[in-house]
Amino acid sequence: EPEVTQTPSHQVTQMGQEVILRCVPISNHLYFYWYRQILGQKVEFLVSFYNNEISEKSEIFDDQFSVERPDGSNFTLKIRSTKLEDSAMYFCASSEALWGVGQPQHFGDGTRLSIL
Amino acid sequence: ILNVEQSPQSLHVQEGDSTNFTCSFPSSNFYALHWYRWETAKSPEALFVMTLNGDEKKKGRISATLNTKEGYSYLYIKGSQPEDSATYLCAFSATGGFKTIFGAGTRLFVKA
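So the protein lines, in turn, are chains A and B.
Reminder that position 45 of the first sequence reads as 45 in my numbering, one-by-one numbering, no gaps.
Remember, my numbering sits 116 above the position in the second sequence when you count from 1.
It is possible that part of the hints are untrue.
Distance condition first, Cα-Cα at most 20 Å in a straight line; then the derived SDA-like pairs of lysine to any residue [as the list claims (entries may be wrong)]:
#1 B:K215 x A:Q103
#2 B:K215 x A:G16
#3 B:K158 x A:G16
#4 B:K215 x A:K83
#5 A:K57 x B:A228
#6 A:K57 x B:N145
#7 A:K83 x A:I26
Source of the hints: derived by calculation from the structure; they are not laboratory data.
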């Protein structure tokens with residue numbers, strides 16, 4: 001069964017550094033999402049992406065964050081100038097086009113980001 | 117602020133017990149309600165997506181119902197097995213948007 005893959009599984013970065021989290025969504029999916037889960041808290045929506053542009057972003061997704069689909073297969077989340085509070089598990093998800101958020105989302109295994 | 121609440125927070129049952137959990141969500145601007153199963157060290161796995169009031173979905177021993185007018189959904193597990201041990205997440209999507217709001221989950225422990 002096709003799956004969403006995320007790399008790296010764990011990223012340790014110094015505060016203030018830039019980090020790029022990578023995701024390869026399922027190939028025929030057209031909606032892409034990033035979520036994060038800070039330890040002990042709920043899974044939080046960051047951003048959705050469709051047709052090569054952001055379709056919605058949360059209040060968390062400020063100018064520090066950006067997303068890109070550079071080559072038609074990868075979907076990346078960049079965090080500029082990381083802060084301690086960016087430490088979390090970051091999940092990528094994708095879904096088929098029809099009905100958008102009415103479709104089940106397929107999640108990757110996540111990237112654990114640790115900011116020192 | 118959209119909020120999704122799940123209860124109970126955790127549940128311990130014996131193998132063979134039937135159990136159910138609740139998800140409460142905003143009753144206005146409803147578009148879809150998702151249920152996911154999340155095992156430790158794995159990724160969340162989609163169980164159901166429900167979009168219509170009165171929807172009932174079933175997958176093996178797991179079923180779910182939806183009441184959009186009052187803003188709740190129930191997930192039922194019949195004859196729980198140890199392999200059902202996981203966190204069960206529900207998530208709400210409103211009309212006109214792409215955001216999915218997750219509840220905190222119900223952590224189920226099934227003892228053999």
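Here is what the structure says about each hint:
Between K215 of chain B and Q103 of chain A the alpha-carbon distance is near 13 Å, which keeps this suggested pair within the 20 Å criterion. Between K215 of chain B and G16 of chain A, the direct Cα distance comes to roughly 28 Å. Violation of the 20 Å bound is thereby established for this hinted pair. Restraint check: the Cα-Cα separation between K158 of chain B and G16 of chain A comes to about 30 Å, which exceeds 20 Å; the hinted pair is violated. The hinted pair formed by K215 of chain B and K83 of chain A fails the criterion: a straight-line CA distance of about 24 Å is larger than 20 Å.
Restraint check: the Cα-Cα separation between K57 of chain A and A228 of chain B comes to about 43 Å, which exceeds 20 Å; the hinted pair is violated. Between the alpha carbons of K57 of chain A and N145 of chain B the distance comes to roughly 18 Å, so the proposed pair stays at or under 20 Å and holds. For the given pair, K83 of chain A sits about 30 Å from I26 of chain A by alpha-carbon distance, which is inconsistent with the 20 Å threshold.
Checked against the numbered hints listed earlier, the structure breaks hints 2, 3, 4, 5 and 7; every other hint is satisfied.
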